[in-house]
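Start from the sequences and build out the full structure, keeping to the hints where you can.
Protein sequence lines correspond, in order, to chains A and B. Under my numbering, residue 323 is the last one in the first sequence; the count climbs by one each step, no gaps. Under my numbering, residue 323 is the last one in the second sequence; the count climbs by one each step, no gaps.
No wet-lab data here; the hints were simulated from the structure. Any given hint could turn out to be false.
List of simulated lysine-lysine pairs, DSS-like, C-alpha gap at most 27 Å [claimed, not checked]: (1) B:K270 with A:K233; (2) B:K214 with A:K225; (3) B:K225 with A:K233.
Residues per chain are reported as follows:
2 protein chains.
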Amino acid sequence: MSEIKTAVADHPIQTLIGRRWSPYGYDPRPLQREDLRSLFEAARWAPSAFNEQPWRYIVAECGNTAAFERLLSCLVEGNQVWAKNASVLALGVTKTTFARNGKPNRHAAHDLGLATAGLIVEATARGLLVHQMGGILPEKARELYGIPEDFEPLTGIAIGYRTTADPPPPDTTPRTRHPQADFVFTDAWAAPL
Amino acid sequence: MSEIKTAVADHPIQTLIGRRWSPYGYDPRPLQREDLRSLFEAARWAPSAFNEQPWRYIVAECGNTAAFERLLSCLVEGNQVWAKNASVLALGVTKTTFARNGKPNRHAAHDLGLATAGLIVEATARGLLVHQMGGILPEKARELYGIPEDFEPLTGIAIGYRTTADPPPPDTTPRTRHPQADFVFTDAWAAPL
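Here it is, written out as structure tokens:
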């Protein structure tokens, strides 16, 4: 199996956080349904504004070729090239209004992020890798799956096993992040903690 | 210490996911700076669209009374009542445009959610509890901290230790979530996996 690129952290973090990584090289084999259920269970218990749970997922498993190809067709071409080797593909969809009063939920996308992050922790613990994509075709997805107006397809999600072959070139570049001084402030904007 | 309300999950999930909970009762005592650094380090390694890392945090520790009161004043009154007992308060802020081309980043709020979820996992592993709030005063925060126009204060974040006293009433109600059939679909909208 190709190496997992663990984060080079400046401060100690949990293994489940450091090992999370979004590679391009996957080994196309099925994921057990029980594992998949646990992934969405982890998403399910995320917090959300007013416990609205404004997340929905449309899911396709590689064992069902027609369903998988259909979901794959909702990704931009550049993503289809590598995401076709995932075990499971999903679309992350937000409910843009509150169920109780129909008012806009300005935290819907944020809360989908919280839920999917839980899914990723659970996946990492199970030896799986998750690569999310902004590059999806929301209107195509809306049409193919009949997604209602007050919902918005926001993300593509590839879940799979690390490739056993030589990884594609993007997987060999170093992982980088801005230092904390660039995003953890106190007292005033841009004043590092 | 009051009990931690672990999620009653339908499928097995990691302890770090199940123990995550947003209570109202905190024990007001300081958090070590090293712990706080590890929390933001976990946030730092989150994935984001084009690795933009569109998250910023403004942070106040309870040991610095003036700074803490200032951040507390950016929460709506109902949240100030309980959040005043947190060890650390923070605001989660998004960069609404891409650094490289100035275009709107429609995944900014989502990616802040991914980052803060990492912070929460790290906090849970360290015996801390995190309670996020939508109820903040964004324009007050913008003025007090000089937050630029292309950034948006989106969340309040309370980080602390579980109260040793009797917990407030909201902490004794059961935790609930919709079943997976309500949000994990396949083939068509609202068709459960």
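For each hint, the structure was consulted:
no.: 1; hint: B:K270 with A:K233; verdict: holds (23 Å)
no.: 2; hint: B:K214 with A:K225; verdict: violated (32 Å)
no.: 3; hint: B:K225 with A:K233; verdict: holds (24 Å)
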